[in-house]
Amino acid sequence: MMPIATSLRSLAVAGTTALALALAACGGGDTTTSGGDRIEPVAAPAGKSWSQVVEATPDGMRMGNPDAPLQLIEFVSPTCSHCADFSRTGSEPLKREFVDSGRVSLEIRPFMLNAIDLVLASGVNCAGPDRYFPLLENLYASQEELQAGFSSAPQDLLQQASAQPEAERFAFLAQGLKIDTFFAARGLPADQLNRCLTDVAKVNHWAESTERNSKEFEISGTPSFVLNGELLAGTADWPSLRQRLQAAGAR
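Quick note, the sequence shown lines up with residues -24 to -1, 1 to 227 if you use mature numbering (1 follows the signal peptide of the UniProt record, and there is no 0).
None of these hints come from the bench; they were simulated from the model. Among the clues, some could well be false.
For each label pair, taking beta carbons as the anchor points, the in silico distance ranges come out as [what the hints assert, rightly or not]:
1) S216 / D106: 39 to 45 Å
2) A143 / E120: 39 to 45 Å
3) G12 / S57: 29 to 35 Å
4) R107 / D13: 24 to 30 Å
5) A124 / A177: 31 to 37 Å
6) E144 / N204: 26 to 32 Å
No more than 30 Å apart at the CA atoms, straight line, and that leaves these computed lysine-lysine pairs for DSS-like [as the list claims (entries may be wrong)]:
7) K178 / K191
8) K154 / K178
9) K178 / K71
10) K71 / K24
11) K191 / K71
Bear in mind that the values here come from a model prediction, so they are computed numbers and not experimental data. Virtual Cβ for every residue (Gly too), placed ideally from N, Cα, C.
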């Protein structure tokens, strides 16, 4: 079985800047937040709920009122089991109780713990805004299926990928891990995925954004949550995040 926790450094993609990632653990951030007055709901555009308003951001994808008083960022790793737990328990109530109220927007920012994260995050982003959130939630619900593909991969797959031309390394890895098959079964054609994975500048951007966000917000694990620019201490599950949002005024 090829280990999941493999550094992006192993693939030597697009220069040293993209590879200088401080690897983090799967589970939890560390700082503080403060209370706030109750925030009134904000009406969504006619004929829509706020959770249907999705647009790309420089480092991820945002759902909800772009001018929401509470701007929530969730840093996620596609291979992180704690992120999958949060998706299972928190995604729906977060949308229903907070995003749809217009008080809170949710931006997902991929935080790469390994090379496989980079392939999976690129694939989800490749699907575009309309399909991003459903596909990400499906990915978390399908971690066991993905793990089966990883387990059948050759032991030296990363070494083989490193030997490919620079623009082909992550597409090669996706094929070897059957990630291309996984996405194809969910409506993302293999040629579309291949175009995204061979876009060296874009792949490099995802790696660089992990490094930059790690330093800016002192992210130490996933999932981690930042509210209005402030990292939330000890907040990696739905009950604790719900309490934080309510304390900040979304109640």
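Status of each hint after checking the structure:
no. : hint                    : result
1   : S216 / D106: 39 to 45 Å : violated, 30 Å
2   : A143 / E120: 39 to 45 Å : violated, 31 Å
3   : G12 / S57: 29 to 35 Å   : holds, 32 Å
4   : R107 / D13: 24 to 30 Å  : violated, 37 Å
5   : A124 / A177: 31 to 37 Å : holds, 32 Å
6   : E144 / N204: 26 to 32 Å : violated, 41 Å
7   : K178 / K191             : holds, 20 Å
8   : K154 / K178             : holds, 21 Å
9   : K178 / K71              : holds, 28 Å
10  : K71 / K24               : holds, 13 Å
11  : K191 / K71              : holds, 28 Å
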